[in-house]
Structure formats: structure tokens, C-alpha cells
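A.B. asks: Got chain A sorted already, so can you dock chain B onto it with the hints?
Protein sequence lines correspond, in order, to chains A and B.
Counting along the first sequence from 1, when you hit position 19 you're at 19 in UniProt numbering, and nothing is skipped either side.
Counting along the second sequence from 1, when you hit position 349 you're at 349 in UniProt numbering, and nothing is skipped either side.
If you're looking for bench data, these hints aren't it; they were derived computationally from the structure.
Being a predicted model, the structure only gives us computed values, none of them experimental.
Possibly wrong hints are sitting among the right ones.
Once the Cα atoms are required to be at most 20 angstroms apart in a straight line, the calculated EDC-like pairs of lysine to aspartate or glutamate come out as [as the list claims (entries may be wrong)]:
1) A:Lys307 / A:Glu272
2) B:Lys229 / A:Glu251
3) B:Lys262 / A:Asp136
4) B:Lys420 / A:Asp105
5) B:Lys222 / A:Asp136
6) A:Lys338 / B:Asp427
7) A:Lys338 / A:Asp368
8) B:Lys436 / A:Glu364
9) B:Lys229 / A:Asp136
10) B:Lys387 / B:Glu101
11) A:Lys337 / B:Asp427
12) B:Lys316 / B:Asp427
13) B:Lys224 / A:Asp107
14) A:Lys312 / A:Glu406
15) A:Lys266 / A:Glu98
16) B:Lys224 / A:Asp105
17) B:Lys224 / A:Glu103
18) B:Lys224 / A:Asp136
19) B:Lys222 / A:Asp107
20) B:Lys229 / A:Asp107
21) B:Lys179 / B:Glu413
22) B:Lys229 / B:Glu101
23) B:Lys222 / A:Asp141
24) B:Lys229 / A:Asp132
25) A:Lys312 / A:Glu288
26) B:Lys224 / A:Asp141
27) A:Lys133 / B:Glu413
Which chain A residues stay away from chain B? Per the calculated CB distances, all over 12 angstroms, these [said to hold, decoys possible]:
28) Glu102
29) Phe366
30) Gly388
31) Leu390
32) Phe393
With the C-beta cut set under 7 angstroms, the calculated list includes, among others, these residues of chain B facing chain A [said to hold, decoys possible]:
33) Arg185
34) His192
35) Phe219
36) Thr220
37) Val227
38) Pro231
39) Cys254
40) Gly423
No residue lacks a Cβ here, since even glycine has one placed at the ideal position from N, Cα and C.
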Amino acid sequence: MATVFQGLGATAAITAAANPLDSNKLLLSSRRSFPGKKTSLVVVRCDGSLNLNTGSSAGARRLDQLVTNAVATKADAAAASSASKPGHELLLFEALREGLEEEMDRDNRVCVMGEDVGHYGGSYKVTRGLADKFGDLRVLDTPIAENAFTGMGIGAAMTGLRPIVEGMNMGFLLLAFNQISNNCGMLHYTSGGQFTIPIVIRGPGGVGRQLGAEHSQRLESYFQSIPGIQMVACSTPYNAKGLMKAAIRSENPVILFEHVLLYNLKERIPDEEYICNLEEAEMVRPGEHITILTYSRMRYHVMQAAKTLVNKGYDPEVIDIRSLKPFDLHTIGNSVKKTHRVLIVEECMRTGGIGASLTAAINENFIDYLDAPIMCLSSQDVPTPYAGTLEEFTIVQPAQIVTAVEQLCQ
Amino acid sequence: MASAFSATAKFAQPLPLNTTSSARSQDKLSPPALFDPFRTSSSAATSPFLGSTRQLLCKSNRPLSHRRSSSSSAVVAVSDVKQKKPKSSSNLLITKEEGLELYEDMVLGRSFEDMCAQMYYRGKMFGFVHLYNGQEAVSTGFIKLLTKEDSVVSTYRDHVHALSKGVPARAVMSELFGKTTGCCRGQGGSMHMFSKEHNVLGGFAFIGEGIPVATGAAFTSKYKREVLKEPNSDHVTLAFFGDGTCNNGQFFECLNMAALWKLPIVFVVENNLWAIGMSHLRATSDPQIYKKGPAFGMPGVHVDGMDVLKVREVAKEAIGRARRGEGPTLVECETYRFRGHSLADPDELRDPAEKAHYAARDPISQLKTYMFENNLVNESELKAIDKKIDELVEEAVEFADESPVPDRSQLLENVFADPKGFGIGPDGRYRCEDPKFTQGTAQV
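So here's chain A without its partners, still in its complex pose (with noise of 0.2 angstroms):
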């Protein structure tokens, strides 16, 4: 179901499938009222777009449309069982085979190629059915061969074609660094504008389960300096299908970061047509006194921590950045404007992340507005290790989250 909460710190809760993200139980599906407190809640999806009574709301969102306090309803009725709700419920990765499934009806240009997408479905089940139903060579099951096979869907895509090509793991990419630098970043320019590139790459990156070091990387930091492509990260079902759909009908070359542990999250989506927009990011839940950014997995953390930090008295507005390049600096800096205190929790490295270049970002342009230094919570400088206990503390927790809100508050 979409995400609920109350303008006035309420929590915010989240349902997941049987697959818990995390040992904590991170998710409940109980609201409470504060007493003394009006019992308005606004069941308001994650681009901060109202319900659908209201009609769709393809990615159209701004700040100042969110409505705090317009229908009220009974705690219970919004815990209503979801028969009788607008929309369908589904997994993430069925949100992005949904999302591409429609692209590839849409226009016949659109296509697939990776590593095992098409027979076996993808090895998270993102493909799953597309190549019966649209035959292999539109979903196109590759050999083992990142960097010509992401080289061939860059040059199909300077002849027409619109190719999708997925990483079995975002770390395999390394091995096609080359083309995604060099040919997919910089062709549009070398070229003088004749040939673009409507690429997307996509592919389930992050910290797993105990996957080792090599499976558990994060190449969005790698990956931002190329000029010329665009970044985004989707944590949502909403926001995956929405994106993915963004991103293949983009004429920009566009990354798609997808996790590991998040593909098996489940919402409720309208069933009306809607795109993300690329270059937007997320409202997950306003607040006053501090600015949390984050990203992916991590924003689940932070949603978990602001449970936390709700019942100790805090309230923190956690912005989900989405596009890791280019930074939404309207939507960070309208937040920065109010709140004077900035932390952000990324899951890259702390040694050129994409929190080090937010924090340069804002620092640059927002400087006047800050009432302490910003600070960045990232994972550990360290290859992911095997043992569980110490791959727990290589990632951010929401225990650290808490104490670095603390300590930015005082």
C-alpha cells in the first residue's frame, strides 16, 4: 500500500513480503494517534502526490502541493483490506517487469539484452515471461561478455533501437566501464549531437545478504563523473516502475540502480499509467528540524531510525534523492532552507560517494542556510566481508542514524 503518514509525526509504515529487510522488524502495519493531536491522516504515495481519489498524478509533484491535512479518515478504515482499494498490489521487481513490459508494448523499438534474461527470466525474476512473449531477440539472452554486449546495446541504440541492458549484478559492470564511459557517456557530444544514445542500464547493485565482497558493490560512485548520463536509484515499487519507465523513454543515456534486498518489497500502485520523473526526488516524510537525504536501501534505515527518533521527540523530513546525478537541488535546498541541518546516509563508500559530492553540492550553494556542518554517514571504507556481524558494520544502522541526529540537534 502507498505510504502513509501524518503531517504531524506520525510513523510511517511500510508492508514488505515475507523477505524481511532486516532482522529488526522494520515495518508495522499499526498506526497510532497522538492524544491531544487531530487524527488526520493523508494516505499519500511516495512522490507526495495525493490518493487517487484524486485522479493520477503522473509525475507531477512539488512541495507546495502536498496537502497535510484534507481528508480525514479513521485509523482503521486506512488499514482496510486491500480488496477494496484502488490499484494493485505487487513486488518490486514485478513493479519493473511491469513498467518494462509496457514500454516494450508501447514501442517495438524497445528491447532487453543481459545476461540470462531471457529464458530463465532474469536473475531477479525482472524479465520474467517477457522473452515468451516477445521472442529472443527482443529479450535477448547474451553471452558472458559485459563490455561488448553493453557496447552492442550502445550501438544499436545510435542506429534506432532502444535497448535495456541489464547487469546480472551492477558489479559486473566494471567489466563494461569502458563502454559506458567512453561510448555511452561521451558519443552524443563527440559526435557533435548526430547520434544519441537512449540506453538504459540497469542492473541490482548494494550490500546483500552475506554476498561478498565482490556482489555487494555500489558503482554509483564510480559511475559519476562520466558526463553525459544520467543516474537514479529506485526504492519504491511505485518509484521502480515509475522510473523505469522514465528512463527507457529518456533519450539521455540513464543508470538504473536497483538492490539486491529490496526486490521483493510490495505496495500497492495505481493501475493507471505514470512515469517518475528523472531528475526529481522523493519527499518520504516532511519535517522541521533536521534534512535527512538518502538513497535506496538506506532510506528504509532511516525510515526505521525515525520511528526512533519520533517517539524521542525529533522530527526529521527524509528526502529520498532518487536521481544520484543530477541532484534535485530545488527539492534538497526548499528542505535545507527550513530545517539549517543537514545528515546524509548513502550505503557507498565514504571515500568519494555520492554523499561526498551532495555534501560538496550543498555546501556550495546552500552554505548561509546551515546551522552545523553537514554530515555524511556512509558505509566503511572495506571490501564487504563474508561474516554477517562484520557486514553489519560496514553499512549504516539505524542506531548510528539516531546518534547522528542527536548530535546534529543539540
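C.D. replies: Same frame as chain A, now just chain B:
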């Protein structure tokens, strides 16, 4: 399919999958790899370490030709076939018109590159400039058989490929001078020649980078035919690259994929024996590149790349194969660059005797001789072409000289096809809507 090649050039056919002992016997015809080119030469001291290539090349001059004469296989070289032909007009490989077209194209390539060298030393162009002198037969022999919709993918040695494909000389020269009227608005330079109109897909600075792109273009051609059901989609892609690239992973990965999916592509190896200062023989365990085709399931052909007519014959067959949907071909053209690797290369490593040997096989002279001997043209007609090309190249230089340099406003224009990719600025507007954006002074 096999017969068309075997009469014209050294040819290696992919083995059927279930051969065992027959594979062995076929191997005997093509001698074992590593030291073969030197073994056959009577005076070659075959020390395991290849050491000075100078010595080796002198002693085993044209190793491949020696082996040809001693080989007992059925395959013969193109030159042998040609010499046996009676000299009557009905057996000629080209008509007069074709001959003039080939001659003009090669002279254009040669004059253009010579002019590039002049302009470089006069400070009109900078950076890395790689000239094609001596290799014209490959470009002309192949590209003149293509239609406008067929694609060409090249390397950094791409000026002449672009010219052969039809990109105007003035556009290429302007690009080299870095002017806005260049084919890539001055943003690409010598190593990035692109033309959407003429389907020149680059121009790549790193070797091997273009081969997957060419494979992609061939994939599009097949996709258009089979998925989009466009009936006339039989466009062929040519990928040009050198001997050094043939040791690179991208080369092998693409050979595999192209053969696997029977893509309409021809892989053209311009084996000029040198990768900057690295001799092909010192870098490659089995220097016979054409033999690597059959390993992936496609025919591998070796041809004398200094003879435009031989190249053209092989090209006809290879391009025809691709167009008919029979899949890719690997063509190794034995050729030579008369100048250094680039204009910055002092070219001290190559043996003067080797250079002289190939200079005697200058493709333009060879074509001239052929046309005179067969009474296709007379001296004045060729001189007229020479003059025309000289004027064309001079005019290209003038045009480039007079063209404007790019303005600051051009800096950000082509970074993204959709400039929304620059993102949303602090004021809430897309950065590209900022008036300073087009002036190139906006902050991104």
C-alpha cells in the same frame, strides 16, 4: 559459400562441429602456430625469444608468401590467380568507370592525409593525428561497395574511412581544425569522425571500442528485419581495426556474438604489422589473424591489402554474405602504413628495408599499372583526377581556415540529447532553462 572464397584468397573455413580426425589433418595444411613464419625461411635463426624484429623480418621477408609457395593446400593467394588470367577485357576485374572511381578515392585519401601532415606541422591541428597513407586499398576496396545506409565503424585512423564513405573532405578538414563546421562541430577531432548522414559510426580513440558498437549496428539491422519486419533491412556494417586490436578481449567477444546470431557484419583487420612500436609478431601467439575466424564459426580470409582489386573481390563476397543473412566474415588485409603510427611517432623502429618493400607495392601505383596495362585509362585522365583532388583538398583547407571556431555557447549543447539531464537548479527551474546555459556560463 566456401568456393567463392577459396579461389581468391587464403581462406580458412570453420570446421563442422563433429570433426575429430579430419580436424587434425586440416591442421597440417596450416602449419603450427607460434614460430611458423620464421621456420620456413631458410636463414631464420629461430630463437625462442623473438628479440629484434628487424633481423627476423629481413631474413624471412614476406613470411606468408614463402609459406604460400611451399604449401600444398588448395587455397591460393589472389595474386596467383590474377596472374594466371589471360589479359582480355572480358576477364578484367573492373570496368573503366569503376577503375576511375577507385583511383579517385585512393588519391583523395592519400592527398588528404598528406595535407593533414602539412597542416599539423603548420600548427593548424593538434593532438593525436593518425594517418592512413599506404592503406588506401582497404578503405577503398571495401567501402566503395557499400550503400549509403550501410554503416562503417573505424578507429582513430579514420579520416580516410570517413572520406570513402562520402563525408565531404571539407567537413573532415574542418573537424581536424576544430571548427564548428566540422562533421562533429569540432567536438570530436581526428579520432572521432561521425556522420549520421553517411552512417559513419565513429571514430574511437581506444582500440577495440568500436567493434561492439559495430556489432550493435549489425544487431539493429537484423532486429529491423526480424522484429520490426522492415522488408529492405539488409544493411551491412563494416568494422575496421588493426592487428593490435586482435589481441583484445572485445574483438573475440564480438566475433563470438556476431557468429552466434549471424549478424550482418564484416570484421576487417588492417594488419599493418605494427601497433605503434609493437610488432605484431612480438605481440601475438598466432600471428595469422584470419585463422581466428573459424574458431568462432565464421570464415576467415587473408588478402593482400595493398592491392585494391583483390580487396574488392574479397569484400564483394564478404558483404554479400552478410547481406544475404549468412553471417559475419573475418577478413585480414595485409597492409602497411607508410608513415608512423601518428604524427608524433618518430618511427625509428621499423626496418627501412621493410618500408621500402611495401612502398614498392603502393596501392595507387599498382592500380595505375593495372589500368594502363589493360588499356582502361590513359595518362591524361588520371592526371585530371589528380588535379581535381588537389583542388578539392586545397578548397577543404580554405574552407576549414575560414570557418569559425566554436563559441562558448557551444560548450554544453551536446552533452545530453535531452538537456533536462543537467537537472533542477536551486531555484526550481531546470538548469537548461537558465539563459546563461546556452552561453556556456551557467553552472552545472
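A.B. asks: For every hint, state whether the structure bears it out.
C.D. replies: Verification of the supplied hints:
1. A:Lys307 / A:Glu272: violated, 32 angstroms
2. B:Lys229 / A:Glu251: Roughly 24 angstroms separates the two Cα atoms, so the pair is violated.
3. B:Lys262 / A:Asp136: At roughly 14 angstroms apart (the allowed maximum being 20 angstroms), Asp136 (chain A) and Lys262 (chain B) satisfy the hint.
4. B:Lys420 / A:Asp105: violated, 26 angstroms
5. B:Lys222 / A:Asp136: OK: Lys222 (chain B) and Asp136 (chain A) at ~12 angstroms, within 20 angstroms.
6. A:Lys338 / B:Asp427: holds, 15 angstroms
7. A:Lys338 / A:Asp368: holds, 12 angstroms
8. B:Lys436 / A:Glu364: holds, 19 angstroms
9. B:Lys229 / A:Asp136: holds, 15 angstroms
10. B:Lys387 / B:Glu101: OK: Lys387 (chain B) and Glu101 (chain B) at ~15 angstroms, within 20 angstroms.
11. A:Lys337 / B:Asp427: holds, 12 angstroms
12. B:Lys316 / B:Asp427: Since the Cα atoms of Lys316 (chain B) and Asp427 (chain B) sit roughly 60 angstroms apart, the hinted pair is violated (cutoff 20 angstroms).
13. B:Lys224 / A:Asp107: holds, 13 angstroms
14. A:Lys312 / A:Glu406: Judged against 20 angstroms, a Cα distance of about 9 angstroms means the pair holds.
15. A:Lys266 / A:Glu98: holds, 14 angstroms
16. B:Lys224 / A:Asp105: Roughly 16 angstroms separates the two Cα atoms, so the pair holds.
17. B:Lys224 / A:Glu103: holds, 18 angstroms
18. B:Lys224 / A:Asp136: Judged against 20 angstroms, a Cα distance of about 14 angstroms means the pair holds.
19. B:Lys222 / A:Asp107: holds, 17 angstroms
20. B:Lys229 / A:Asp107: Holds: Lys229 (chain B) and Asp107 (chain A) sit about 14 angstroms apart, inside 20 angstroms.
21. B:Lys179 / B:Glu413: With Cα atoms ~15 angstroms apart, Lys179 (chain B) and Glu413 (chain B) stay inside 20 angstroms; holds.
22. B:Lys229 / B:Glu101: violated, 35 angstroms
23. B:Lys222 / A:Asp141: holds, 15 angstroms
24. B:Lys229 / A:Asp132: holds, 18 angstroms
25. A:Lys312 / A:Glu288: holds, 14 angstroms
26. B:Lys224 / A:Asp141: holds, 18 angstroms
27. A:Lys133 / B:Glu413: With a Cα-Cα distance of about 40 angstroms, the restraint between Lys133 (chain A) and Glu413 (chain B) is violated, given a limit of 20 angstroms.
28. Glu102: holds, 18 angstroms
29. Phe366: Violated: least Cβ distance 7 angstroms, not greater than 12 angstroms.
30. Gly388: Nearest chain B Cβ is 36 angstroms from Gly388 (chain A), so the label holds.
31. Leu390: Nearest chain B Cβ is 34 angstroms from Leu390 (chain A), so the label holds.
32. Phe393: holds, 34 angstroms
33. Arg185: holds, 4 angstroms
34. His192: holds, 4 angstroms
35. Phe219: Since the shortest Cβ distance to chain A is 5 angstroms, the answer is holds.
36. Thr220: Hint holds; Thr220 (chain B) Cβ to chain A Cβ min 4 angstroms, cut 7 angstroms.
37. Val227: Because about 5 angstroms separates Val227 (chain B) from the closest Cβ in chain A, which is inside the 7 angstroms limit, the hint holds.
38. Pro231: Violated - the Cβ of Pro231 (chain B) stays beyond 7 angstroms from chain A, reaching only about 16 angstroms at its closest.
39. Cys254: holds, 5 angstroms
40. Gly423: Holds - the Cβ of Gly423 (chain B) comes within 7 angstroms of chain A, reaching about 3 angstroms at its closest.
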